[in-house]
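Assemble the complex: chain G is given as a structure, and chain W must be docked to it using the hints.
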Amino acid sequence: MIDRRRFLQLAALGGGVVFASALPGSVRAAGKNGAAGYEEFFFVQLSDTHWGYSGPANPQADSTLRKAVATVNSLDIQPDFIVFTGDLTHTTDDSAERRRRLSEFRAIVSELKVKDLRFMPGEHDASLDSGAAYKELFGDTHYSFDHKGVHFVVLDNVSDPGASVGEIQLQWLKSDLARLAKSTPIVVFTHRPLFDLAPAWDWATRDGAKAIDILMSYANVTVFYGHIHQEHHHQTGHIVHHSAKSLIFPLPAPMSQPKRAPLPWDPAHPNKGLGFREVEAQVSDARYKITEFSVVKG
Amino acid sequence: MDRRQALKRGGAIALLGILPAGAATARRTVASGNAQVIEVLAQRFRFTPNEIALRTGQPAVLAIRSLDFVHGFKVPELGIRTDLMPGTVTRVAIRALSPGRYDFLCDNFCGGGHEEMNGSIVVSD
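Residue numbers (this note's numbering), protein chains in the order written: chain G, 1 to 298; chain W, 1 to 125.
In short, the hints are calculated from the structure, not lab data.
Distance ranges between label pairs, derived from CB positions:
1) G:E104 with W:E116: 24 to 32 Å
2) W:R101 with G:D140: 39 to 47 Å
3) G:M255 with W:R46: 15 to 23 Å
4) W:G87 with G:D80: 47 to 55 Å
Residues from chain G that face chain W, not an exhaustive set, calculated with beta carbons under 7 Å:
5) T91
6) E123
7) S127
8) P161
9) G162
10) P199
11) A200
12) D202
13) R260
Being a predicted model, the structure only gives us computed values, none of them experimental.
Beta carbons are placed, not taken as given, at the ideal position from N, Cα and C, and that holds for glycine.
Chain W on its own, in the form it takes in the complex:
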């Protein structure tokens, strides 16, 4: 599945950006304009939180901070992937247009628990 097909199937719009670590918000979930900002920590071998709830059509930004490794963040069904550089906050803008469960995973091999480093974005009406 190419990116265009993935976006069509997932019904999502995703944008990637990286900000300095200091730009991270202190609270786990805040509003940024119309977008809901959700902080996510990535460390061997888990994402916290590993289940992220979104409303259909609600713009959101995942602000992902890696603590210990150049983890990957990949949502295959939405055509999203990026590296998570330690010391930076990687911002993934997303607006899911249709309800469903979209699994994400670390796709940079990071050690003995790599295969369990995954989670889901759950989009509901």
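Chain G with its partners taken away, still in its complex shape:
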């Protein structure tokens, strides 16, 4: 029988690369004591599905999400849970239409075999109504949970249209983490980058440095986010940040061109630049192995 590691090696041939979470030079300290006895597990990250988008950057926008759901369902080994890191829907001024899009999105992803789904909003879902519609359908915009020795934190940096986490949530973060050992593996999910990736393109969180300061005193912190519609890997101190591809259209590399316009759609390769990822948590040393997948099986 094919084991999971061999399966990933085969799958990655058509779908992406295997990337070790820790960037060169990063330090992974003291993870073993805090996570002793826990097994490895993996989760799937999907991001920026922008349900409701219509435009030339993805003429197949009404089917991309469903294809991704089918591909995730076809994985031989299903993940422990699936996280959506924001921009579930494309923005609209019409509050009824916003709720309709969020409801349709929820119905589509309910077809996933895995029923442990974790959500958070992006600015397209939440910034125009301070998250009101999102909360009606999906609940809190920030929360935490524990899974097999890892503490997961979902941070909301989009309900404020100015992209702030805000003092209330920062205080919540501080108290949420206070009960943990400093060596506890911590994974943060958020929509926007917490660091100043490209402020001229609004790829930042206004008070993200305050959140990073709080996280900095914990030895094993990794951030997974969306927003920028591409893979990107960055390190602030010992904290590693990984952005995900989108499921709607790719955006250019940070500041690589004058404007942050979507990359042109390629009819010969309609899913080029799109995809999702698996993240294998190696809890004993707080490392995360990332495997990128295409929207459809290659």
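Chain W alone, transformed into the frame defined by chain G:
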């Protein structure tokens, strides 16, 4: 980049202030003391004008009026940002000390065209 570094790199001096809407000048560009006053409109999803020409060392004031939303005005390289409250004119005093192109943007998410709401300050000798 912190504000001190930004100012050093951009070679600019920027001051922010807010005046009542009635204080706005009728003409797009007027002189105010030594400072050139340039009126800018902000509305979803554009700044008008979206390219502002300045001379190196010339004091200028951007008098920005938002018509429809609490837009943001941010010039990352100059360390400038402020909210633009509808019904007020936000005055941004600036004196660019070195030539260059300094992009600005709305950094408060304002809807479907937010990503295109940006412009440039072009400073030349």
